[in-house]
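Working from the sequences, and respecting the hints, build out all of it.
Residues in the sequence shown are numbered from 188 upward in steps of one, following our numbering.
For the record, the hints were derived by calculation from the structure and aren't laboratory data. Accuracy of the hints is not assured; some may be wrong.
Each pair of labels, with its calculated beta carbon distance range [what the hints assert, rightly or not]:
1) I195 with L257: 15 to 21 Å
2) M188 with D218: 18 to 24 Å
3) I195 with N292: 24 to 30 Å
4) E220 with E199: 21 to 27 Å
5) K206 with G247: 15 to 21 Å
6) G260 with F219: 34 to 40 Å
7) V214 with K291: 36 to 42 Å
The list that follows gives simulated cross-link-like pairs (lysine to aspartate or glutamate, EDC-like), each with its CA atoms no further than 20 Å apart [said to hold, decoys possible]:
8) K291 with E191
9) K206 with D229
10) K206 with E196
11) K280 with E196
12) K206 with D234
13) K206 with D272
14) K248 with E199
15) K280 with E297
16) K280 with D218
17) K248 with D272
18) K248 with D189
19) K248 with E196
20) K206 with E220
21) K248 with E191
22) K206 with D222
23) K248 with E297
24) K206 with D218
Given the structure is predicted, the values throughout are model-derived calculations rather than measurements. Every residue, glycine too, gets a C-beta built ideally from N, C-alpha and C.
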Amino acid sequence: MDVEVATIEDAESIFALQKLAYVSEAVSYNDFEIDPLTQSLDALQRDFGNQVFLKASVSGKIIGSVRRYLAHGICHIGRLIVHPDFQNQGIGKLLMNLVESYFKNAKRYELVYWTQKRTQSLPLSETRISQVQDRARARES
Numbered sequence: 188m189d190v191e192v193a194t195i196e197d198a199e200s201i202f203a204l205q206k207l208a209y210v211s212e213a214v215s216y217n218d219f220e221i222d223p224l225t226q227s228l229d230a231l232q233r234d235f236g237n238q239v240f241l242k243a244s245v246s247g248k249i250i251g252s253v254r255r256y257l258a259h260g261i262c263h264i265g266r267l268i269v270h271p272d273f274q275n276q277g278i279g280k281l282l283m284n285l286v287e288s289y290f291k292n293a294k295r296y297e298l299v300y301w302t303q304k305r306t307q308s309l310p311l312s313e314t315r316i317s318q319v320q321d322r323a324r325a326r327e328s
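What follows is the structure, encoded as structure tokens:
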């Protein structure tokens with residue numbers, strides 16, 4: 188598996204993965220109007236202008252992604268997604284680790300909620316963000 192910064196050329200693949208990754212949430216809540224499913228490809232492409240995307244790939248196919256940006260010392264993390272066939276294999280955790288290494292000097296890490304519903308990946312993300320915040324506080328001491 189390769190993990191690297193995604194480029195605008197990856198937008199269509201990330202867009203398709205985003206739709207696939209959020210379908211289970213939409214089904215769970217019988218709500219197909221959640222932002223990750225209604226976001227257009229153009230809007231996602233615009234996100235590349237102010238956010239840094241990471242991608243995880245296997246044999247050239249994108250199987251995971253996360254986006255983040257730094258503002259006022261806060262690393263904002265959004266849409267951690269992993270292809271359903273590759274979930275529970277540590278890919279989300281790896282992507283979160285890389286977010287931390289990319290923004291080592293962040294004072295705080297915040298998960299950006301894109302919907303009002305909780306996703307399956309949120310508990311892992313909450314745990315991971317708590318661990319990252321604890322390390323950030325330790326560096327400040």
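The hints, checked one at a time:
A C-beta distance of roughly 20 Å is found between I195 and L257, which places it inside the suggested range of 15 to 21 Å. Range check, M188 to D218: Cβ separation about 32 Å, and the 18 to 24 Å hint is violated. Hint check: I195 to N292, Cβ distance near 26 Å, so the stated range 24 to 30 Å holds. For the pair E220 and E199, the beta carbons lie near 22 Å from each other, so the given range of 21 to 27 Å is met.
Under the hint 15 to 21 Å, the C-beta atoms of K206 and G247, about 20 Å apart, fit the expected range. At roughly 36 Å, the beta carbons of G260 and F219 sit within the given window of 34 to 40 Å. Against the hinted window of 36 to 42 Å, the Cβ-Cβ separation of V214 and K291 comes to about 38 Å, which satisfies the hint. Between K291 and E191 the CA atoms are separated by roughly 17 Å; this keeps the pair inside 20 Å, and the hint holds.
Only pairs whose Cα atoms come within 20 Å are accepted, and K206 paired with D229 is accepted, the gap being roughly 14 Å. A distance of roughly 17 Å separates the Cα atoms of K206 and E196; the hinted pair therefore holds under the 20 Å criterion. Proposed proximity of K280 and E196 is contradicted: the alpha carbons are some 24 Å apart, above 20 Å. Between K206 and D234 the CA atoms are separated by roughly 16 Å; this keeps the pair inside 20 Å, and the hint holds.
For a cut-off of 20 Å, the pair hint linking K206 to D272 stands: about 14 Å separates their Cα positions. Between K248 and E199 the alpha-carbon distance is near 12 Å, which keeps this suggested pair within the 20 Å criterion. A distance of roughly 15 Å separates the Cα atoms of K280 and E297; the hinted pair therefore holds under the 20 Å criterion. For the hint linking K280 to D218, the alpha-carbon distance of about 27 Å lies beyond 20 Å, and the restraint is violated.
Using a Cα cut-off of 20 Å, the hinted pair K248 and D272 holds, with the two alpha carbons roughly 12 Å apart. Among the hinted pairs, K248 with D189 is consistent with the structure: their alpha-carbon atoms are about 10 Å apart, no more than 20 Å. The hinted pair formed by K248 and E196 meets the criterion: a straight-line CA distance of about 13 Å does not exceed 20 Å. With a C-alpha separation of about 12 Å, the suggested pairing of K206 with E220 holds against the 20 Å cut-off.
Of the pairs offered as hints, the one joining K248 and E191 holds, with about 13 Å between alpha carbons and a cut-off of 20 Å not exceeded. Under the criterion of a C-alpha separation no larger than 20 Å, the hint pairing K206 with D222 is consistent with the structure, at around 10 Å. With a C-alpha separation of about 28 Å, the suggested pairing of K248 with E297 is violated against the 20 Å cut-off. Distance restraint check for K206 and D218: the Cα-Cα separation of roughly 13 Å lies within the 20 Å cut-off, and the hinted pair is therefore satisfied.
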